[in-house]
Amino acid sequence: MSVWIISDFHLSLSEDFVPGQPPQLYKPMHVFGEEWRGHVERLYANWLELVQPEDTVLVPGDLSWAISLQEGRFDFAFLGMLPGRIILSKGNHDYWWDTKAKAQSALPPNVTVIQNEAWQLPCALAAATRGWKCPGANGFDGEDAKIYRRECLRLEMALQDAVKKRDAAGGSLPIWAVLHFPPVNDKRDYSEMIELMQKYGVERCFYGHLHGMKREMALQGMHWGIEFALVSSDFLGHRPLLIG
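Note that the numbering used here gives residue 414 to position 91 of the sequence shown, counting from 1, and the numbers run on in steps of one.
Check before you lean on any hint, since a few could be wrong.
Stated by the list, open to error - Here are the simulated distance ranges between beta carbons:
#: 1; residue 1: Gly361; residue 2: Pro431; range: 19 to 25 Å
#: 2; residue 1: His353; residue 2: Gln393; range: 24 to 30 Å
#: 3; residue 1: Asp339; residue 2: Gly465; range: 43 to 49 Å
#: 4; residue 1: Gln393; residue 2: Gly544; range: 39 to 45 Å
#: 5; residue 1: Gly560; residue 2: Ser428; range: 31 to 37 Å
Keep in mind that the hints were calculated from the coordinates and are not lab data.
Beta carbons are placed, not taken as given, at the ideal position from N, Cα and C, and that holds for glycine.
Build out the structure end to end from the sequences listed, making use of the hints.
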């Protein structure tokens, strides 16, 4: 069984997706750049090429532009057409996601939602939370500071859950952090989120959220003893990334 990751689908299907036919979208993403043209069809084709039914795919947020479960129903059905088990966590644009229970009830059987907790993979414990923009980012204000403080607490909750599940599994699995927001500001400064990851022995950190020119600011590779990787769909060419 392989483990893959990819975030930021930004789906906006207004009817059922039919392979081989152009999808009907109420918010086409190519207005944000040509790398998004035909992204739904490309994501579907690449997924089917790479992911097997026994595989697991982590999807850290920004699944859909929908603002309600009803509006997102065609996006959710699209996930049900994809092979593998999908482990979905929340992004800043997932306005359809009210509570974890309601989100889970709207999704197909191959999708499991996780929130401020860890998921046990065969190769690691994936501690997932949304995150937020970090102190020192452009426009960071008092309201951002409150949200960031809350998100640090949620990250620690997820990491504590990873430690608990690792100990229950025998104590040998590595811990990965799976976020939607990058855990650094746009200057890639050290942050409290990095400090928390170090405290709990995180070995790898995956995140999305960055698109367009902002992808050039991505924190990649080894820093502070942790391996970082940007996994936004457009950055990956709409191809899931093999991580385990």
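Compare the structure with the hints numbered earlier in the document and write down the numbers of the violated ones, lowest to highest.
-> none
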